[in-house]
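Undergrad: Spelled out, the chains give:
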Amino acid sequence: MIRLLTGNTLETGDVVWWDGTGWSLHLVDAVDVGAEGDMLLARTLAAERINDAALVDAVATPAGPRPRTIRERVRGAGPTVRLDLNRMAGDV
Amino acid sequence: MYRYDGYDQAIVDARVAEFRDQVQRRLANEITEDQFKPLRLMNGLYLQLHAYMLRVAVPYGTMSGTQLRMLAHIARTYDRGYAHFTTRQNIQFNWIKLAEAPDLLAELATVEMHAIQTSGNCIRNISSDQFAGAAADEVADPRPYAELLRQWSSFHPEFSYLPRKFKIAVIASDTDRAAIQLHDIGLQLVRRDGDLGFKVWVGGGMGRTPMLGHVIRDFIPVAKYLSYCEAILRVYNRFGRRDNIYKARIKILVHEIGAAEFTRQVEAEWAEVEPLALDAPAAEYARIVTQFAEPPYDLAASDSIDRSDPDFAVWLDQNVHRHKQPGYAIATISLKPIGGIPGDASAGQMDLIADLAERYAFDEIRVTHSQNLVLAHVRKADLYAVWTALAAAGLATPNLDLVTDIIACPGLDYCALANARSIPVAQRIAERFTDLARQHDIGELKIKVSGCINACGHHHAGHIGILGVDRKGEEAYQLSLGGSGAEDASLARIIGPGFSEAGVVDAVEKVIETYRAVRTGPAERFLDTYRRVGEAPFKAAVYGVPA
Ligand code: HEM
Ligand code: SF4
Numbered sequence: 084m085i086r087l088l089t090g091n092t093l094e095t096g097d098v099v100w101w102d103g104t105g106w107s108l109h110l111v112d113a114v115d116v117g118a119e120g121d122m123l124l125a126r127t128l129a130a131e132r133i134n135d136a137a138l139v140d141a142v143a144t145p146a147g148p149r150p151r152t153i154r155e156r157v158r159g160a161g162p163t164v165r166l167d168l169n170r171m172a173g174d175v
Numbered sequence: 023m024y025r026y027d028g029y030d031q032a033i034v035d036a037r038v039a040e041f042r043d044q045v046q047r048r049l050a051n052e053i054t055e056d057q058f059k060p061l062r063l064m065n066g067l068y069l070q071l072h073a074y075m076l077r078v079a080v081p082y083g084t085m086s087g088t089q090l091r092m093l094a095h096i097a098r099t100y101d102r103g104y105a106h107f108t109t110r111q112n113i114q115f116n117w118i119k120l121a122e123a124p125d126l127l128a129e130l131a132t133v134e135m136h137a138i139q140t141s142g143n144c145i146r147n148i149s150s151d152q153f154a155g156a157a158a159d160e161v162a163d164p165r166p167y168a169e170l171l172r173q174w175s176s177f178h179p180e181f182s183y184l185p186r187k188f189k190i191a192v193i194a195s196d197t198d199r200a201a202i203q204l205h206d207i208g209l210q211l212v213r214r215d216g217d218l219g220f221k222v223w224v225g226g227g228m229g230r231t232p233m234l235g236h237v238i239r240d241f242i243p244v245a246k247y248l249s250y251c252e253a254i255l256r257v258y259n260r261f262g263r264r265d266n267i268y269k270a271r272i273k274i275l276v277h278e279i280g281a282a283e284f285t286r287q288v289e290a291e292w293a294e295v296e297p298l299a300l301d302a303p304a305a306e307y308a309r310i311v312t313q314f315a316e317p318p319y320d321l322a323a324s325d326s327i328d329r330s331d332p333d334f335a336v337w338l339d340q341n342v343h344r345h346k347q348p349g350y351a352i353a354t355i356s357l358k359p360i361g362g363i364p365g366d367a368s369a370g371q372m373d374l375i376a377d378l379a380e381r382y383a384f385d386e387i388r389v390t391h392s393q394n395l396v397l398a399h400v401r402k403a404d405l406y407a408v409w410t411a412l413a414a415a416g417l418a419t420p421n422l423d424l425v426t427d428i429i430a431c432p433g434l435d436y437c438a439l440a441n442a443r444s445i446p447v448a449q450r451i452a453e454r455f456t457d458l459a460r461q462h463d464i465g466e467l468k469i470k471v472s473g474c475i476n477a478c479g480h481h482h483a484g485h486i487g488i489l490g491v492d493r494k495g496e497e498a499y500q501l502s503l504g505g506s507g508a509e510d511a512s513l514a515r516i517i518g519p520g521f522s523e524a525g526v527v528d529a530v531e532k533v534i535e536t537y538r539a540v541r542t543g544p545a546e547r548f549l550d551t552y553r554r555v556g557e558a559p560f561k562a563a564v565y566g567v568p569a
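Those protein sequence lines, which keep their order, are chains A and B. Residue numbering for the first sequence is 84 to 175, as defined by my numbering. Residue numbering for the second sequence is 23 to 569, as defined by my numbering.
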């Protein structure tokens, strides 16, 4: 199991993932924050630029990280009923 | 329709300016999200899974063509070209950017609309009968009274921080198309000895503890209903629980102290409040009632309709209702195409409906709590032209109140509180019952789907209700039967263990086939069959245990 740091940007509400140096719109860029997770989360919260920041569990797969819960997978992909608006094809 | 006066416009404009300033301060990090969040929620702006969502109030579900066209413009300019009509007769935009929200609200204010009090622990948008002013069975148009409630409850200083949200619905017919018994206050306009007054229900609601309202007064004269509502709200504001969010709704207070004691307290409070002359003066009633005057009907309009196009005739029989004015009819526009997203409309569809309303329906559109739209006053002679235009835009599905006319909340596709997706379940069920002859054979059947216990999709009031639950991070669905949000209101009961998405679609089909097998005949509705035979045969069919 790996841990990802995610949230929604203040300006747009877009879902973003911590990619090791900054925030990416793409789940596939998300990195395992491991033991640094709590520190990164605290720093993110203090900066007040990312809303609803949280650490989520995922498994590493050849296609990229796959969050454990359906909720985070939907966040990563976009609404499953509007594939035309989705950021990422692939299984939810 | 009600038009803003200078005062209405001024307070809405002032609120837009205030919010613009708040947004700027938040974007500049001058205030924290904890400080800002309550401010944005007071303006209807939520943060959902993928973006900000803006909920815009449609007062008692009535709007003009100009207003609907503005909603289309907003969908196109600030969103991704579509929006979602909700069970509270409002509209939600799913992809709003915080920095653009003040401009959006400023544009909205130019057509007398806003998002104020569409969130938070205040009195929310007043809902009403989508056939108001047109229904053949109403005692009078309920909307002037809904409008007065809107004015009374907007920025009401005493009721801006209630223990919890508060929802009021107003109708004027014995047929309840607004689910009044499932509201915090339900008001039915009635006539007694020639005088108009309200029958008052209090304490209904859905959410995690569904309850039906209690009648606390059979008749309050219309001249006094505002002070009576004031008394109800005061009792609630004082004694409603603030220690536990799950016990904070008025239904819990009424339940805990009993309807009789609650009524006694309201009457005692009303005795104090009534002499304060809080009720609107007669001239103010008159001013508002005038604004809902009957449209200039064509008194020579013919009652005959050419039914020679069979597809049109099917729509006519299913989606068109009788109007009180000879020569006119009420047309419901289905936002439930088979396999579509219940309640969603594209900007193009909204523009088209706005045009049709202006051309054929005295410039009025209604939103229904079952997420459809209504043209309330259409000349019978114009129905074919209206239908032709709707059909070309995918808006003429003849399925009103049938198995494919499903209510679904946004669920896990959009909603941050969701446990499971609602929309795909509705889509799969509709696809299973695509065959129109089969839908008609099944008859009236209301399926309602919520993605979590909050019950925004009214699953407690579904003839068949479906609730999405979380099973260790995966979606599951509970099936319940026997609910109704109409005048014969009842709460649906869970029939047994839950299912996967595919499983719940199969289970619904088994329930429906069981109904067809045990009903006395096609005239007996699903709900009536269920009430007659109980849950046993349905349970047996679904879980394979003997009846
Ligand atoms: C998408 C953001 C939404 C959020 C965060 C939200 C939140 C909630 C919550 C927390 C409740 C439970 C309140 C309680 O029991 O005290 C509730 C109830 C309800 N919501 Fe929503 N909701 C959302 C969307 C919707 C939509 C899209 C609709 C219409 C389709 C809707 C209509 C309702 C209704 C009818 C109820 C039940 C009213 C009652 O409890 O009496 N909501 N909502
Ligand atoms: S019922 Fe739950 S999932 Fe559906 S809209 Fe309401 S809060 Fe969201």
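If you're looking for bench data, these hints aren't it; they were derived computationally from the structure. Mixed in with the good hints there might be a few duds.
[As the list claims (entries may be wrong)] Derived CB-CB ranges, DEER-like: (1) Gln46/B with Asp135/A: 52 to 62 Å; (2) Ala128/B with Asp135/A: 25 to 35 Å; (3) Leu138/A with Glu294/B: 52 to 62 Å; (4) Thr144/A with Ala39/B: 32 to 42 Å; (5) Phe261/B with Leu123/A: 44 to 54 Å.
Glycine included, C-beta positions come from ideal geometry on N, C-alpha and C.
Undergrad: Determine for every hint whether it applies to the structure shown.
TA: Hint by hint, here is what the structure shows:
1. Gln46/B with Asp135/A: 52 to 62 Å: Between Gln46/B and Asp135/A, where Cβ atoms are some 21 Å apart, the hint is violated.
2. Ala128/B with Asp135/A: 25 to 35 Å: 27 Å, holds
3. Leu138/A with Glu294/B: 52 to 62 Å: 53 Å, holds
4. Thr144/A with Ala39/B: 32 to 42 Å: Hint violated: Cβ distance 50 Å, outside 32 to 42 Å.
5. Phe261/B with Leu123/A: 44 to 54 Å: 46 Å, holds
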